[in-house]
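Trainee: Listed below, chain by chain, are the residues.
Protein chains: 2
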Amino acid sequence: MKRLEIFGVDGFGEVGPGDSVGHMIADACSRNGIVLNADDVVVVAQKIVSKAEGMLHRLDRITPSAYARQLGRELDKDPALVELILSESKRIVRKGGRAMIVETHHGFVCANAGVDSSNVGLGQAALLPKDPDASARKIRADIQERRSQAPAVIISDSFGRAWRVGTVDVAVGVAGLKPIKDERGTKDRYGYELKAAVAAIADEIASAAELVMGKKDGVPVVIVRGCEIEKEEGSAKELLRPEAEDLFR
Amino acid sequence: MKRLEIFGVDGFGEVGPGDSVGHMIADACSRNGIVLNADDVVVVAQKIVSKAEGMLHRLDRITPSAYARQLGRELDKDPALVELILSESKRIVRKGGRAMIVETHHGFVCANAGVDSSNVGLGQAALLPKDPDASARKIRADIQERRSQAPAVIISDSFGRAWRVGTVDVAVGVAGLKPIKDERGTKDRYGYELKAAVAAIADEIASAAELVMGKKDGVPVVIVRGCEIEKEEGSAKELLRPEAEDLFR
Numbered sequence: 001m002k003r004l005e006i007f008g009v010d011g012f013g014e015v016g017p018g019d020s021v022g023h024m025i026a027d028a029c030s031r032n033g034i035v036l037n038a039d040d041v042v043v044v045a046q047k048i049v050s051k052a053e054g055m056l057h058r059l060d061r062i063t064p065s066a067y068a069r070q071l072g073r074e075l076d077k078d079p080a081l082v083e084l085i086l087s088e089s090k091r092i093v094r095k096g097g098r099a100m101i102v103e104t105h106h107g108f109v110c111a112n113a114g115v116d117s118s119n120v121g122l123g124q125a126a127l128l129p130k131d132p133d134a135s136a137r138k139i140r141a142d143i144q145e146r147r148s149q150a151p152a153v154i155i156s157d158s159f160g161r162a163w164r165v166g167t168v169d170v171a172v173g174v175a176g177l178k179p180i181k182d183e184r185g186t187k188d189r190y191g192y193e194l195k196a197a198v199a200a201i202a203d204e205i206a207s208a209a210e211l212v213m214g215k216k217d218g219v220p221v222v223i224v225r226g227c228e229i230e231k232e233e234g235s236a237k238e239l240l241r242p243e244a245e246d247l248f249r
Numbered sequence: 001m002k003r004l005e006i007f008g009v010d011g012f013g014e015v016g017p018g019d020s021v022g023h024m025i026a027d028a029c030s031r032n033g034i035v036l037n038a039d040d041v042v043v044v045a046q047k048i049v050s051k052a053e054g055m056l057h058r059l060d061r062i063t064p065s066a067y068a069r070q071l072g073r074e075l076d077k078d079p080a081l082v083e084l085i086l087s088e089s090k091r092i093v094r095k096g097g098r099a100m101i102v103e104t105h106h107g108f109v110c111a112n113a114g115v116d117s118s119n120v121g122l123g124q125a126a127l128l129p130k131d132p133d134a135s136a137r138k139i140r141a142d143i144q145e146r147r148s149q150a151p152a153v154i155i156s157d158s159f160g161r162a163w164r165v166g167t168v169d170v171a172v173g174v175a176g177l178k179p180i181k182d183e184r185g186t187k188d189r190y191g192y193e194l195k196a197a198v199a200a201i202a203d204e205i206a207s208a209a210e211l212v213m214g215k216k217d218g219v220p221v222v223i224v225r226g227c228e229i230e231k232e233e234g235s236a237k238e239l240l241r242p243e244a245e246d247l248f249r
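From first to last, the protein sequence lines stand for chains A and B. Quick note on this note's numbering: the first sequence kicks off at 1 and runs consecutively. Quick note on this note's numbering: the second sequence kicks off at 1 and runs consecutively.
Hints are computed from structural coordinates only; laboratory data are not their basis. Watch out, some of these pointers could steer you wrong.
[As the list claims (entries may be wrong)] Each computed SDA-like pair below joins lysine to any residue, with the alpha-carbon atoms no more than 20 angstroms apart: (1) Lys-216/B / Glu-228/A; (2) Lys-90/A / Lys-90/B; (3) Lys-2/B / Arg-58/A; (4) Lys-95/B / Gly-191/A; (5) Lys-195/B / Glu-245/B; (6) Lys-187/A / Arg-249/B; (7) Lys-95/A / Glu-243/B; (8) Lys-216/B / Gly-185/A; (9) Lys-216/B / Gly-191/A; (10) Lys-2/A / Ala-28/B; (11) Lys-90/B / Gly-214/A; (12) Lys-195/A / Lys-90/B; (13) Lys-215/B / Arg-184/A.
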């Protein structure tokens, strides 16, 4: 019977600038009696990666531009937050209500460029890591340094979506697994050739992990065990749909 | 330690028109020594629900309209398939390449109105259930009839998305759980009031189950155990974002 286990790493502790998230994961697993193996996927909340990489900003130290102040008034948002969002954005996709949907410099389309004031301390906001794939590779290497095993790593964040209510967690950085499972051209058990069978498994793994992580439970690291993954370096960029091919937006 | 287990129900067997998917689930669980409990979520692939409800159509028995023939030529698609897609659609959202993105009568925005020729037998296509919430409720009641326990039920399908490559499984029907987890207004551990914390947990559970289900492994029923859910009747319609509030499309 195919079986997946998904469990949180308890007692992770606070992460600060310069910390090695990978070493912290290895050590927390030891404390919890978790023996990581090379087939595991370690899902790490973006927030702690951003903290380790010094991507937190105090809002009272930001000087908003005239445009940020104008947008802040229009959207009833803190102009300092708007300034941070703009600094992270390639373009604004849509704005309205109190929301800004942008394309980030990484190519992610999400609310507020992923800039987020939750779980970071009052008066602060965290930006996404500059290069989340590189962050994932670093975490993976640091786990391996301590544990000699290199599980795959996914850095996750909660993204809103077109057409549907609510966020689901997706992979913003990956290391050690192919983020999509492409079965196009293979046949189902009736002999029908599959045409649309490309599953975004890194996103599905991130979503599965979110069910354990939660939004405020302080479980920023979750192990997904038993998942069939294709091992390769991988990149979350494989999950970005080129605009010309996107009929869903 | 918070822990989720996700496992498939092996040896499910073929589903035909008139079959009770709920009874089949109860019986297959018995054969596999799986004791369902009221806190489990049973995720059921839409395809077997459609089969049980007689939603399969032989393409050679469909008479395509002139418009379906024209679209078929334009998109290099079987006009009979296009006819079925149109019959399931409220409106065409986009078309191009070989794809049609539509809004179904249920309100789902997805490729081909969910009409799909995989895993149903050659020359056939399955439509989505007419009322997937009602289908989920029926499955739940039929499981309870056999097992005296009523786990929550999610009917899942693989949907493409705006902005991102690949499909993820989402909930098209639910029974026995609140499909979203709304934590807006609660505070994180720093005292910050969460503003955007609405998680589409039914979609995340469906995505998690897909990791076990796969596209062609013949594992159409997956149990998700250990998930914190809010028990109520629920409806997948809660996951449909009203157009006026949708900045992501």
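Trainee: State for each hint whether it applies.
Mentor: Hints and how they fare:
With a C-alpha separation of about 14 angstroms, the suggested pairing of Lys-216/B with Glu-228/A holds against the 20 angstroms cut-off. Under the criterion of a C-alpha separation no larger than 20 angstroms, the hint pairing Lys-90/A with Lys-90/B is inconsistent with the structure, at around 35 angstroms. Annotation: proposed proximity of Lys-2/B to Arg-58/A is violated, straight-line Cα distance about 33 angstroms (limit 20 angstroms). As the CA atoms of Lys-95/B and Gly-191/A are separated by approximately 28 angstroms, the hinted pair breaks the 20 angstroms bound.
Among the hinted pairs, Lys-195/B with Glu-245/B is consistent with the structure: their alpha-carbon atoms are about 16 angstroms apart, no more than 20 angstroms. With a C-alpha separation of about 33 angstroms, the suggested pair Lys-187/A and Arg-249/B falls outside the 20 angstroms cut-off, and the hint is violated. Pair hint Lys-95/A plus Glu-243/B holds up; C-alpha atoms about 14 angstroms apart against a cutoff of 20 angstroms. For the given pair, Lys-216/B sits about 12 angstroms from Gly-185/A by alpha-carbon distance, which is consistent with the 20 angstroms threshold.
Restraint check for Lys-216/B and Gly-191/A: the C-alpha separation of about 11 angstroms stays at or below 20 angstroms, so the hint holds. Restraint check for Lys-2/A and Ala-28/B: the C-alpha separation of about 15 angstroms stays at or below 20 angstroms, so the hint holds. Proposed proximity of Lys-90/B and Gly-214/A is contradicted: the alpha carbons are some 36 angstroms apart, above 20 angstroms. About 24 angstroms separates the Cα atoms of Lys-195/A and Lys-90/B, which puts this hinted pair outside 20 angstroms; it is violated.
The suggested pairing of Lys-215/B with Arg-184/A holds, with an alpha-carbon distance near 10 angstroms, which does not exceed 20 angstroms.
Checked against the numbered hints given earlier, the structure breaks hints 2, 3, 4, 6, 11, 12 and satisfies all the rest.
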